[in-house]
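With the hints as extra help, turn the sequences into a complete structure.
Residue numbers (my numbering), protein chains in the order written: chain G, 1 to 234; chain V, 1 to 411.
What the hints contain is simulated information worked out from the structure, not anything from laboratory work. There may be inaccurate statements among the hints.
Unchecked claim - Using C-beta positions, here's what the derived DEER-type ranges look like: (1) S146/G with R398/V: 25 to 35 Å; (2) T12/V with E196/G: 29 to 39 Å; (3) R22/G with R398/V: 24 to 34 Å; (4) G117/G with I356/V: 49 to 59 Å; (5) T12/V with H206/G: 46 to 56 Å; (6) Q72/G with V7/V: 45 to 55 Å; (7) G117/G with T12/V: 13 to 23 Å; (8) Y394/V with Q72/G: 31 to 41 Å; (9) L142/G with V23/V: 28 to 38 Å; (10) R398/V with P101/G: 18 to 28 Å; (11) Q72/G with A290/V: 46 to 56 Å; (12) H206/G with V7/V: 32 to 42 Å; (13) Q130/G with I352/V: 50 to 60 Å; (14) S146/G with Y394/V: 27 to 37 Å.
In this text, all values refer to a predicted model and were calculated from it rather than measured experimentally. Note that the Cβ used here is the ideal one computed from N, Cα and C, for glycine as well.
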Amino acid sequence: MKNQTVILRTQSIGKYFYDPIRFKVLDDVSFEAYAGEFLTLVGKSGCGKSTLLYCLSTMDTAYEGELFIEGQKVTGKKTDELAAIRSRAIGFVFQFHYLLPEFSCLKNVMIPALKLGKYSHREVEERAYQKLDMLGLKDQALKPASKLSGGQQQRVSIARALINDPKIILCDEPTGNLDSKNAQNVFDIFKQLCSEMGQTIIAVTHDNDFAKNSDRTIELADGKILNTKTYLLD
Amino acid sequence: MRSNINVEIALTHIFTRKRQTLVAALGVTMGIAMYIFSNSLMKGFGKYSRTEIFKVTPHLRIYKDDEISKPLIEAKSPRQVVIIHNPKITTLSRTIINPYALLAEVKKQDYISSAAPQVNVDVFYQNGKTQLKGVANGVNMVEADAMFNIQGTMVAGSLNALSNSLSSVVVGSRIANKLNLGLDDNLTIVSSAGVVKVMKIVGIFSTKNKATDESKVYLHIAAAQQLVKAGPTYITDIYANIKNPDEALAYSQLLQPITSYKVEDWKTTYADILAGDLIRQIMSTSVSMAILLVAAFGIYNILNMTISQKLDDIAILKATGFAGRDIIRIFVLEALIMGIIGTALGLILGAICIQILSGVYVGGPADYFPIYFDPGVFITSTVFGLLITIGAGYLPARRAARIDPVAIFRK
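Right under this line is the structure:
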């Protein structure tokens with residue numbers, strides 16, 4: 001690990017599901033994620049890895065324990081403050097692309113940046129082109145998002161996650177819907193982001209190859225951390 | 001920049017659903033047009049009936065009311081029995097005592113725009129064997145004309161002769177017809193005091209109000225005083241107009257302490273007509289409100305549908321940093337755009353309706369359909385239209401703002 005700055009930390013996170021019965025889905029989960037780290041969360045279906053990811057995302061606030069992002073405690077903040085934190089510091093990539101169908105690819109990428117309001121409209125457009133270029137989609141920029149292939153759409157959604165240069169990128173099965181060629185493509189992009197941009201990626205995955213090639217894997221079972229594997233690369 | 005993106009998203013939603021937007025907007029259009037139409041009609045009716053009323057009635061009238069005889073010893077408590085034989089109306093004379101001092105006092109009040117003395121006498125009009133009952137109005141013609149615009153109702157002759165002739169009279173058109181009299185013919189007037197005067201008809205007026213036209217004549221105030229064998233201080237009524245007739249009741253109460261005589265405002269005199277107007281107004285307003293409400297439901301429905309179809313979009317917007325209030329702004333703005341389009345079309349449609357109907361001849365005393373442009377109606381309907389659409393947009397928008405993105409992403 002090149003850099004040991006803690007970017008995200010959890011302190012005994014626990015969470016219950018109440019439907020159909022009270023059930024402890026996360027139990028005493030504590031870990032740290034470092035700047036520039038490519039972290040994967042693995043485990044069997046229902047082990048709580050997605051639930052954990054959504055707790056980390058600040059969108060799910062009904063949990064026990066504490067969450068720190070960039071050293072700042074985010075547990076207990078108001079929803080509007082959390083929205084501002086997401087806008088600035090967190091990017092999302094889901095299994096499904098969730099692009100807005102009425103907008104062009106470029107606009108889809110621009111929207112989170114326009115919301116953040118840090119740059120002028122022209123700068124945002126420039127940055128969006130840059131991100132799309134990086135993902136090899138510059139020539140598709142002005143097409144409606146619904147007209148692209150699945151792999152292209154997923155890459156547009158990655159560009160959207162990157163537009164505000166977030167410190168953390170959270171991914172839920174980012175390659176789940178992609179064929180192996182596209183999946184490899186996405187993986188390479190992630191790898192590049194960690195090493196070159198110093199961004200932290202926390203990805204939930206079922207794909208063992210994907211997990212094995214990351215920096216570190218946390219395996220969950222029955223809501224608890226079963227073990228942590230660090231892969232020595234390079 | 002921050003608010004712009006919300007506007008941009010709202011506009012994109014609107015533009016990609018032109019048809020639905022138009023349907024929702026047309027609902028508002030119908031509501032607004034109906035509101036404008038019915039309220040303009042009510043205003044038109046109100047204005048028309050007022051014009052009719054003010055042709056013969058002043059805003060305020062001061063007269064001697066009937067008095068009933070009082071016991072010599074008044075009751076000290078409600079339980080005390082006071083004996084009085086055969087109580088009677090004790091009005092001996094209809095005259096106001098010292099009327100010109102009172103008139104001067106009334107004219108001094110700054111809210112009074114004009115005031116004039118009147119002598120009203122119950123009379124019979126005769127021509128040969130035919131006899132009609134009526135009221136002769138002794139007036140100063142210049143003042144009365146200023147108050148009631150008698151000149152505007154004249155169909156023959158002129159008012160000028162009345163100013164200096166005690167034997168001239170201006171009669172209602174139906175009196176002239178029934179008695180078969182024309183200009184320069186003689187009319188015999190018999191008063192309740194038994195005085196008979198033969199007067200020359202110098203003018204005929206028609207207010208198109210049957211009761212007025214078949215009972216009223218104007219004559220010189222001194223001629224009317226002669227009819228009751230009284231002198232120049234015999235004045236039965238003081239008529240006064242104020243600047244805003246709607247405040248007549250308040251000003252009648254303000255004027256009452258000045259005099260011991262009865263001050264009556266026109267709204268009290270015409271309470272029945274005004275009550276009818278009010279009921280019509282309430283009915284038409286509630287009907288147009290109901291239509292607007294239905295239009296609001298249209299907008300509510302379409303937004304609800306949009307939101308149900310766009311759960312994914314809302315979830316990703318929330319994930320990428322849009323706060324609840326941004327989501328509310330986006331959807332309320334969409335409702336508002338539909339409302340603005342609908343209201344604008346409604347204003348145009350309402351104006352066209354008014355324009356067409358105001359040219360429709362209905363005959364009778366009204367001549368043309370009594371409808372007219374009232375800017376107030378257009379302003380209130382715009383405000384109502386926009387408020388209702390904002391309300392209709394806010395409810396689904398709030399629902400959208402409360403959507404839990406995690407539930408969407410995990411499904």
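For each hint, the structure was consulted:
Roughly 29 Å separates the CB atoms of S146/G and R398/V, a value that falls within the hinted 25 to 35 Å. Between T12/V and E196/G the beta carbons are some 34 Å apart, a value that agrees with the proposed interval 29 to 39 Å. A C-beta distance of roughly 30 Å is found between R22/G and R398/V, which places it inside the suggested range of 24 to 34 Å. In this structure the hint that G117/G and I356/V lie 49 to 59 Å apart at CB holds, the actual value being about 51 Å.
T12/V and H206/G have their C-beta atoms about 35 Å apart, which leaves the hinted 46 to 56 Å range violated. Against the hinted window of 45 to 55 Å, the Cβ-Cβ separation of Q72/G and V7/V comes to about 32 Å, which falls outside the hint. Remark: the range hint 13 to 23 Å for G117/G to T12/V is upheld by a beta-carbon distance near 19 Å. About 34 Å separates the C-beta atoms of Y394/V and Q72/G, a value consistent with the hinted range of 31 to 41 Å.
Look at L142/G against V23/V: about 31 Å separates their beta carbons, and that is inside 28 to 38 Å. Range check, R398/V to P101/G: about 24 Å between beta-carbon atoms, so the 18 to 28 Å window is met. Taking the beta carbon of each, Q72/G and A290/V are about 54 Å apart, inside 46 to 56 Å as hinted. Remark: the range hint 32 to 42 Å for H206/G to V7/V is upheld by a beta-carbon distance near 41 Å.
Here the CB-CB span from Q130/G to I352/V is close to 54 Å, well matched to the stated 50 to 60 Å. Look at S146/G against Y394/V: about 30 Å separates their beta carbons, and that is inside 27 to 37 Å.
Going through the hint list in order, the structure does not satisfy hints 5 and 6.
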